[in-house]
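Chain B: place on chain A using the hints.
Here is what each chain is made of, one letter per residue.
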Amino acid sequence: MSEEFFIGWQGKAPEAMGRFLRGKTILLLILAALIAGAAAIWQGTIGKAYFEFGKVRDFSGILLNEPVPMLVANQADETSGAAVYYLVNPLKFGFDPEQAEKFHLTNVSLQGSLLYREDGQAMIEVLPDSVTLVEGTAVGAPLGESASLGVQTLRGEIVDSKCYLGLMNPGIGKPHRACAIRCISGGVPPVLLVPNNAGEANYFILVDERGGAVNGAVLDYVALPVEITGEALKIGDRLVLKADPSKYHILE
Amino acid sequence: MSVSYQAVGWNAFKKKYDLLLWAGILLYLAIFSAVGLALNPAATAEILLIRATGTAAIFLLHMILCVGPAARLDKRWLPVLYNRRHMGVSMFLLGLIHAVIVVLTYHAGADLNPVLSIFVSDAGSTVGTFPFQAFGFLALVILFLMAATSHDFWLANLTAPVWKTLHMLVYVAYAFLIVHVVFGVLQSETHPGYLALLVVGFVLVTGLHLLSGAREKALDRGRDQDVAEGYVDVCHIDEIEDNRARIVSLSGERVAVFKYEGKISVVSNACQHQNGPLGEGKFVDGCITCPWHGFQYLPETGQSPPPFTEKIPTFNVKLEAGRILVDPVPNPAGTRVEPAVF
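Keeping their order, the protein sequence lines are chains A and B. Going by our numbering, the first residue of the first sequence is number 284, and it counts up by one from there. Going by our numbering, the first residue of the second sequence is number 34, and it counts up by one from there.
You may find that some hints are simply not true.
As the list claims (entries may be wrong) - Away from chain B, derived, C-beta distances all over 12 Å, residues of chain A:
no., residue
1, V339
2, V355
3, H387
Stated by the list, open to error - Restraint-style ranges between C-beta atoms, simulated for each label pair:
no., chain 1, residue 1, chain 2, residue 2, range
4, A, Q293, B, T342, 15 to 23 Å
5, A, R493, B, Y204, 53 to 61 Å
6, B, A208, A, E535, 21 to 29 Å
Since the hints were made in silico from the structure, they are not lab data. All C-beta atoms in this analysis are idealised placements derived from N, C-alpha and C, irrespective of residue type, glycine included.
Pulled out of the complex, with its shape left as it was, chain A reads as follows:
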């Protein structure tokens, strides 16, 4: 019996041992490649959402403070096809409330980067201090007429609208929960995603019964399956859900 003996500091494995390891190394590399490919293929939560990071555009239109800061643009942009944009600040912060109030229902121009999903929902990450007043004010209801859809009980997931619209992708689910909490805590509008029959999701902007922001009150419910009962409104093509956050119900 003359079994091979490996000594690491000698710098070379014995011949038969080397042959064995060469075969196993090739198998392990193939296994690593297969697992990498499979793990990438199995991903199911990455949506069709985009953020034009670093690309700053000019936008103009009517700025609204309610139900959440938005811009109703003079014309739809070609990339997203949207003419209505949620407004937020850079990083994990909502649009400056003072500015939103100051420019409410006025004609403005601003600069920012576009976030959008292929379903037509869009947002602008506004460049700080880029909002300027332009001649003219809003006439009527820029977002469209408001109609009550009655009291409804809806089930879905609360997400931060910024990440969901493309800042992060995926911007939903447990791994993203901490980020969504921080974004909503920082003022980004919370949205209830309610799956619809088309396999997509309806967006309900969440506000309290009086139409006020609920950001601080919904943090414990973010990225969890929830049931919310409240009055649903349709303002133009936007959906809004007015409900008392203390009555939200976690389903897990």
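Leaving out everything else, chain B in the frame of chain A:
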């Protein structure tokens, strides 16, 4: 056997080992990213990197945990075990990249300290609020301590028992990472393939450990010697191959009985470096040589040849009609014992 602080004592084998290791890691990251981007053009680079490095680290951790028992079951894996710490440090680096991008992406740029955010954002007891990120953070701390102390400089300064205990925490880190994955990304990415891979990995790790443990136990039963007063008859000299050893268990303590150059010497079976099984080693260049990392000891004294300073206990030995008789009481480490000559 050097404990001076030299980053790595490179040789051709180690260079090849690390080259293949990092080729494998880069291959994994490239395939994950390319396939992920091809199928999901809207995916962002940071999310793909988080996922690629995270899954690569878990894959590598399974390899790290499997190679030990695999080498116990089949010695041909010993060269992989030899540089296992390089795999460990690489795995830590993957985990660190994963964690840094996670913190920058999910926690930074907000209204709270990003590190604090890791712990307060998920702090509940339900599946949806379970603090999976805290478990990932704690696992990374363990892996950092292991990576930072992986050099033999720390092994010598911390002492082998402390170092070994610290590095056994890899099993705690593994458990934490299982929790991190199961209560984290698997709550969102629900393809059954992920869970299946994790289960297969767990079964492989535990199965190999149980199998090698059972084999060791069975071998120990065969090695057990009745210890009465005085010397114990352990075997006949013909039962040991030249330049090799037979491991016997005296009162539960494994000793290595070496046969070399017409002599018999008996030393503790545990290498001072990392408790490697010296009895599975070989007599090379006048020294007992550990099969794990090549640490060497002079058979008569249990001391590493100068300038090295490692020492292991020796045992008194004598021969009677070809039978090897060993005194089960160990001598202090490094004590010279005259070999039995035949």
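Inset, instruction - If any of the earlier hints don't hold here, list their numbers in rising order. - result: Every hint satisfied by this model.
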